[in-house]
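There are 2 protein chains.
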Amino acid sequence: MTSDADTNDGRPAATVEEHLEQLYGSRMMRRQGVTAPLGFRAAGITIGLKPSGKPDLALVFNEGPDLAAAGVFTRNQVKAAPVLWTQEVLKSKQLRAVILNSGGANACTGPGGFQDTHATAEAVAQTLSNWGTQTGAGEVAVCSTGIIGERLPMDKMLAGATEIVHEMGGGLEGGTDAAWAIMTTDTVPKQVALHHPGGWNVGGMAKGAGMMAPSLATMLVVLTTDARVSADMLDLALRRASAMTFDRLDIDGSTSTNDTVLVLSSGASQLEVTQAELDAAVFAVCDDLCSQLQADAEGVTKRCAITVTGARTDDDALAVARSIARDSLVKTALFGSDPNWGRVLAAIGIAPVTIDPDTITVSFNGSVVCENGTGVPGAREVDLSGKTIEVVADLGLGDAQATVRTTDLSHAYVEENSAYTT
Amino acid sequence: MTSDADTNDGRPAATVEEHLEQLYGSRMMRRQGVTAPLGFRAAGITIGLKPSGKPDLALVFNEGPDLAAAGVFTRNQVKAAPVLWTQEVLKSKQLRAVILNSGGANACTGPGGFQDTHATAEAVAQTLSNWGTQTGAGEVAVCSTGIIGERLPMDKMLAGATEIVHEMGGGLEGGTDAAWAIMTTDTVPKQVALHHPGGWNVGGMAKGAGMMAPSLATMLVVLTTDARVSADMLDLALRRASAMTFDRLDIDGSTSTNDTVLVLSSGASQLEVTQAELDAAVFAVCDDLCSQLQADAEGVTKRCAITVTGARTDDDALAVARSIARDSLVKTALFGSDPNWGRVLAAIGIAPVTIDPDTITVSFNGSVVCENGTGVPGAREVDLSGKTIEVVADLGLGDAQATVRTTDLSHAYVEENSAYTT
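If you read the protein sequences in the order shown, they are chains Y and E. Throughout the first sequence, residue numbering follows this note's numbering, covering 1429 to 1850 in sequence. Throughout the second sequence, residue numbering follows this note's numbering, covering 1429 to 1850 in sequence.
Note that these hints are calculated values from the structure, not bench results. Among the hints, a few may not be true.
Intra- or inter-copy, both count: the list cannot distinguish identical chains.
[To be verified] Each computed EDC-like pair below joins lysine to aspartate or glutamate, with the alpha-carbon atoms no more than 20 Å apart:
{"hint": "1", "residue 1": "Lys-1730", "residue 2": "Glu-1843"}
{"hint": "2", "residue 1": "Lys-1478", "residue 2": "Asp-1742"}
{"hint": "3", "residue 1": "Lys-1584", "residue 2": "Glu-1809"}
{"hint": "4", "residue 1": "Lys-1584", "residue 2": "Glu-1550"}
{"hint": "5", "residue 1": "Lys-1478", "residue 2": "Glu-1550"}
{"hint": "6", "residue 1": "Lys-1478", "residue 2": "Asp-1766"}
{"hint": "7", "residue 1": "Lys-1521", "residue 2": "Asp-1827"}
{"hint": "8", "residue 1": "Lys-1730", "residue 2": "Asp-1663"}
{"hint": "9", "residue 1": "Lys-1730", "residue 2": "Asp-1811"}
{"hint": "10", "residue 1": "Lys-1519", "residue 2": "Glu-1578"}
{"hint": "11", "residue 1": "Lys-1815", "residue 2": "Asp-1663"}
{"hint": "12", "residue 1": "Lys-1482", "residue 2": "Glu-1818"}
{"hint": "13", "residue 1": "Lys-1478", "residue 2": "Asp-1822"}
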């Protein structure tokens, strides 16, 4: 999906992106994010958590009237304090605000780290209450991203929690500032808003540039909507969208301790929507944020879509696609624009799925390079020099299929990740 | 274990390497390989499979009197023609010879590729027969390594099969030439011989510099012994040794289509040995070859041992150690000498094993960096600048443990693997 596109030529959609383009077209705007829906305010400020002095604290505030919310979280068994906190507060299915910091993950910080998270939520709640919106700490989600294993400087956090509420006071803007403040190794902020033809809106922002998969990322995503929907509808829409988007973005096979995706509804549009309408809109926003995350992944020089077709089941297709997407030898070959299809076959062969090596067909960018497990003439000449590479592997065993988005493995990835804390 | 070491100071062995050093000490020689045991000849020649013009064909020949043999192979479901062939011929538990080529894997080459392998074995058998040793193609194992998906130039292979038998005619030397001829991206040949105090010998050679794990590698290994042992004893010794050595060498999580480890016995020493003696000697040779493979892995700047202790079961310990050893973020941190223990915890948390994040202790090079899931003061100051890094993660759940050997993920790895076919 391209940003701010304004036409489609009426052809039947060949891809998810084209389908969304036809559905929503010019209604998707990347210049707006969480404050595009009615009833939300946001801010992003600098409180000195990052040595760079860049913005590092963000707030998203739901003015209501509704406070419905839902979330999905990392599957990593090692969960950061803010994840444990936010999972707990979401049991009420209500959120008034989300406070997010970059510059420190507050993961592996023990009971003290959890107390820090609690104190941060309490400070936000207290300031919002003083400011006129009665709020409890249990209505404030906390998200953190950055280095694992360091306590946050709580003097800065608590002062920042007060400051950012005042900062946000002025107006409905601030979504873009918030998107900037949650960045770590991201090079660009990521946000999008969908202005639904029905008159309601969904907005979102995301950060994350590595460590994505198999579930989410050091990925923080906040979605907002002004549709009138229950928390259970939000939960269903979010789970369905995540399973097809963020869960299938696999940059390096690593999975963060802090991954969090939240969705908040203000109901401020006064418009009720169906589950199907909500599902489609939330999916569209997640899909767009996902492609922005992929494009900005650490050290990426190629955006790669790995599609497995002809599998016996959807789960099989996904497992094989992940095996290809995570293989270091496949990923370095993609970096080198090298149509080394043998590595794709080797990666298929180690997937935890029974395959038949003699029925596999592989194509790169639409050119068949391997048929029935054997190379075809000209396979080495396929041009992979572009920024986008499409790998399709047909297992020849059934009708199921799945696509995983990934990137190449480049020098820049190694560089960026070899010197992150030092 | 160091090569050609000649002393030990009588201390109790603290590591496997020290134990082997005490057991065999100066009896391990890296200047010798498959022809160290009596009854074996070998050769390595150049037949033009590699653009570089370097040696590319090797032969190991068993003069007997025994022809007992065993093998272990890749677990990849996509198996190269020579693997399928050699698995078949090994059903007889006898081998007269092994022909090995670099410069082409003969994988994913269809029925034609299998016929090529058969024809190569036939040519070796025919030449050996002409030369005075009656041999059938079914007694000739074939191993290939190199690019996947290309047919081998059979004119060169068949002429080479004849030439190499004549080349080997001259004497018992040639083991070192063979070790050179099987190299691909290896920078040094890898061989070792154990001259057992009991008067019998085990020799071996190996190639492989990437793509090792979870089972073997694009790793080819041939072991020889002059002990009088049955094929079943060889099989048992090889399986036990492989499980603890090659199977636990995990460079990049990829697994080749061509991995093969063969062991041949000539019985020429006339000495019978026990299973325990054979197990120990085969393990010692495999362990030494394994450390040579690790040291020469593609683009390696650090040799890393990942030990997981305190697991509930050995399988759990191994699964967690593999999860750490394969994590791209851990490996790039090791490359950068960065004591980023949070990434180790994140990698433990995504292992397919139930863990308790609050009972994990991690140390780098003997310094505790994380206790009960929380960082300790000074953790960021641990010195990882050396060539060898030891990571120990204690899960605090039980008594089982396992060690996986791996390497860092460096620029050179990306460089080497991004331009392999082009």
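Status of each hint after checking the structure:
no.	hint	verdict
1	Lys-1730 / Glu-1843	both (17 Å within a copy, 16 Å between copies)
2	Lys-1478 / Asp-1742	neither (42 Å within a copy, 42 Å between copies)
3	Lys-1584 / Glu-1809	neither (57 Å within a copy, 25 Å between copies)
4	Lys-1584 / Glu-1550	within (14 Å within a copy, 77 Å between copies)
5	Lys-1478 / Glu-1550	neither (23 Å within a copy, 68 Å between copies)
6	Lys-1478 / Asp-1766	between (39 Å within a copy, 19 Å between copies)
7	Lys-1521 / Asp-1827	neither (38 Å within a copy, 42 Å between copies)
8	Lys-1730 / Asp-1663	neither (33 Å within a copy, 46 Å between copies)
9	Lys-1730 / Asp-1811	within (13 Å within a copy, 35 Å between copies)
10	Lys-1519 / Glu-1578	neither (28 Å within a copy, 58 Å between copies)
11	Lys-1815 / Asp-1663	neither (35 Å within a copy, 49 Å between copies)
12	Lys-1482 / Glu-1818	neither (36 Å within a copy, 36 Å between copies)
13	Lys-1478 / Asp-1822	neither (46 Å within a copy, 32 Å between copies)
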